[in-house]
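**Student:** In case you want the letters, here they are:
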Amino acid sequence: MEPAIVGLGIHPFGRHPNLSGRQMAVKAVHDALASAGIQWSDVQFAFGGSVDGDQPDTLVSDLGLTGLQFVNVSNGCATGGSALSLAITMIESGTYDLGIVIGFDKHPAGAFNAKPSDYGIGDWYGETGLMLTTQFFATKIQRYLHDHNMDKAILAKVAEKAFRNGALNENAWRRKPLSFDEIENAPMISDPLTQYMFCSPGEGAVALVVARGDKARQYTDRPVFMKSVSNVTRRFGSFEVFSPWLSPERGSVPTTDAAKRAFELAGVSPSEIQVAQIQDTESGAEIMHMAETGLCEHGEQAAMINAGETEITGRLPINTDGGCLANGEPIGASGLRQIYENALQLRGDAGARQVPNDPQVGFTHVYGAPGISACTVMSR
Amino acid sequence: MNGTPIDDTLFTWPDESPQLIGARCTNCGTVTFPQQSSCPKCAGTELSRHLLAREGVIWSWTIQGFRPKEPYIGPAEFTPYGVAYVDLGDVIVEGRLTEGDPSKLAIGMPVELEIVPFETEQAGTNWLTYAFSPTGPAPDQGGVA
Ligand SMILES: [Zn+2]
Numbered sequence: 001m002e003p004a005i006v007g008l009g010i011h012p013f014g015r016h017p018n019l020s021g022r023q024m025a026v027k028a029v030h031d032a033l034a035s036a037g038i039q040w041s042d043v044q045f046a047f048g049g050s051v052d053g054d055q056p057d058t059l060v061s062d063l064g065l066t067g068l069q070f071v072n073v074s075n076g077c078a079t080g081g082s083a084l085s086l087a088i089t090m091i092e093s094g095t096y097d098l099g100i101v102i103g104f105d106k107h108p109a110g111a112f113n114a115k116p117s118d119y120g121i122g123d124w125y126g127e128t129g130l131m132l133t134t135q136f137f138a139t140k141i142q143r144y145l146h147d148h149n150m151d152k153a154i155l156a157k158v159a160e161k162a163f164r165n166g167a168l169n170e171n172a173w174r175r176k177p178l179s180f181d182e183i184e185n186a187p188m189i190s191d192p193l194t195q196y197m198f199c200s201p202g203e204g205a206v207a208l209v210v211a212r213g214d215k216a217r218q219y220t221d222r223p224v225f226m227k228s229v230s231n232v233t234r235r236f237g238s239f240e241v242f243s244p245w246l247s248p249e250r251g252s253v254p255t256t257d258a259a260k261r262a263f264e265l266a267g268v269s270p271s272e273i274q275v276a277q278i279q280d281t282e283s284g285a286e287i288m289h290m291a292e293t294g295l296c297e298h299g300e301q302a303a304m305i306n307a308g309e310t311e312i313t314g315r316l317p318i319n320t321d322g323g324c325l326a327n328g329e330p331i332g333a334s335g336l337r338q339i340y341e342n343a344l345q346l347r348g349d350a351g352a353r354q355v356p357n358d359p360q361v362g363f364t365h366v367y368g369a370p371g372i373s374a375c376t377v378m379s380r
Numbered sequence: 001m002n003g004t005p006i007d008d009t010l011f012t013w014p015d016e017s018p019q020l021i022g023a024r025c026t027n028c029g030t031v032t033f034p035q036q037s038s039c040p041k042c043a044g045t046e047l048s049r050h051l052l053a054r055e056g057v058i059w060s061w062t063i064q065g066f067r068p069k070e071p072y073i074g075p076a077e078f079t080p081y082g083v084a085y086v087d088l089g090d091v092i093v094e095g096r097l098t099e100g101d102p103s104k105l106a107i108g109m110p111v112e113l114e115i116v117p118f119e120t121e122q123a124g125t126n127w128l129t130y131a132f133s134p135t136g137p138a139p140d141q142g143g144v145a
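So the protein sequences, as listed, match chains X and E.
Numbered per our numbering, the first sequence spans residues 1 to 380.
Numbered per our numbering, the second sequence spans residues 1 to 145.
It is worth saying that the hints were derived from the structure and are not from the lab.
Possibly wrong hints are sitting among the right ones.
Once the Cα atoms are required to be at most 35 Å apart in a straight line, the calculated DSBU-like pairs of lysine-lysine come out as [what the hints assert, rightly or not]:
#1 E/Lys104 / E/Lys69
#2 X/Lys152 / E/Lys104
#3 E/Lys69 / X/Lys176
Derived contacts from chain E toward chain X, CB cut-off under 8 Å, selection only [what the hints assert, rightly or not]:
#4 Trp13
#5 Ser60
#6 Ile63
#7 Ala76
#8 Pro110
Computed footprint of chain E on chain X; a stretch qualifies when at least three of its residues, placed anywhere within it, have a C-beta under 8 Å from a C-beta of chain E [claimed, not checked]:
#9 126 to 132
#10 141 to 148
#11 176 to 190
#12 238 to 250
A virtual CB, placed ideally from N, CA and C, is assigned to each residue, including glycine.
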């Protein structure tokens, strides 16, 4: 029996000037423990991720000095996915029965600024204004729209859905629906993407209690099982963030590799997925990742989106909680937010944004610099 | 043109016909830019200096619409600039464009390498960097550019 998520905790995403990252993390942990009906002293191990918050393992001074194993994880936008995959492996190995995964962050306002030397690139790359994630996403979707002969109007449609879903989510940052025109006519950040098509670095925390599958019902009557987790780095020929050069030879992308592995390990096909949370760093990313994950064919996205198939009430609901666009991206917490949302959806606890008809199988996908991806398949 | 390359490993200078300096893997032929000492495709460690073509076509592009944070050192007063991946045949290279008007840019447009001054706020600096400059319309634009 697969490991299960048996406890869920979240601190609302957004901007919280009077709270530290660790205060948000502690709140999320306490909620997760309460929902599993356990104490911190019951937790045997923890994985934590945060980029601009405090060092995760120092949370023990607030949570309790119980002597548990606590490992910090740092993997860019895939930090949450990586932390979760390590926790699942820990349970599967039989080392422990009950653990917790914690992700939190508190980023300064504005686009992320990375240091070239951290990525093995010369200082000139940052100094001359080429080291921006926004440029990468813009050039990638620009090429994608061209290759698949897609109208760029689809970008505003994706953002419109994100804010509509976010309005139904009490933990989202952006809870005001925006019209197609407001999104399309907003200031251009990086052609063809306007301000409302990008997610912003933000704040928030998520904690998930993970248990052995055969013991899951001790903690909750509605466990959600992790049928698979995968975690990969890029291979030659993929187009990644912070690349001064690319090979003219195009190869498989990390998202495709990670998704394929997750589906294979789970023994589930993409057509069986009833709810999906996929990395939407900007609206083009949702479009490209829909096909890279195998949830649809390349070039099919515009027709699907225009037909409402990715809406909460559609055939394949995507980013039902508003995704990164409506929640912002506190890096450490972002991937775990997807697991949290899928768990709510599969338990039937998603309230106003509940996917109808009792979904049984969900999928999550994160993607991050410098070309990593983590995916999961989850079931009731 | 007077000035100092912002990084002396990027392009040949001074040179009447400057070229970007890459590296070519002697085992598999992969071309990198800038030079690398090992090959990301075959993990080979024998790479030789390889000068890149001066002309290519835009593979993809965007406009940088806001002033980047540090480590960017451009002028405080910001002017949006174009950024492109340019297909030079054996490698696709990222660089700034001399054109910053989105209506004048398209995938497939021919461009050539130029060495241009890179303005900063630092007094007394006279940096040079590389950029690509459009030389004609994209094939599917029918000469309207
Ligand atoms: Zn090689």
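**Student:** Each hint should be assessed against the structure and marked as holding or not.
**Tutor:** Right, here's what the structure says about each hint:
A C-alpha spacing of about 27 Å is found between E/Lys104 and E/Lys69, which places the hinted pair at or below 35 Å, so the restraint holds. The hinted pair formed by X/Lys152 and E/Lys104 meets the criterion: a straight-line CA distance of about 17 Å does not exceed 35 Å. Distance hint between E/Lys69 and X/Lys176 is fulfilled; the C-alpha atoms sit about 28 Å from each other, no more than 35 Å. For E/Trp13, the shortest C-beta to C-beta distance to chain X is roughly 13 Å, which exceeds 8 Å, and the interface hint is violated.
Interface restraint check for E/Ser60: the shortest CB-CB distance to chain X comes to about 4 Å, inside 8 Å, so the restraint holds. The closest approach between the C-beta of E/Ile63 and any C-beta of chain X is roughly 5 Å, which is under the 8 Å cut-off, so the hint is satisfied. Hint status for E/Ala76: violated, given a least beta-carbon distance of 13 Å to chain X, over 8 Å. The interface hint given for E/Pro110 is broken, as the beta carbon of that residue sits about 16 Å from the closest beta carbon of chain X, more than 8 Å.
Counting residues of the segment 126 to 132 of chain X whose C-beta sits closer than 8 Å to any C-beta of chain E gives 7, which meets the bar of three, so the coverage hint holds. Counting residues of the segment 141 to 148 of chain X whose C-beta lies closer than 8 Å to any C-beta of chain E gives 3; at least three are required, and the coverage claim holds. Judged by the Cβ-Cβ criterion of 8 Å, the segment 176 to 190 of chain X is covered by chain E as claimed, because 4 of its residues qualify and three suffice. Against chain E, the segment 238 to 250 of chain X contributes 6 residues with a C-beta closer than 8 Å to a partner C-beta. That satisfies the three-residue criterion, and the hint holds.
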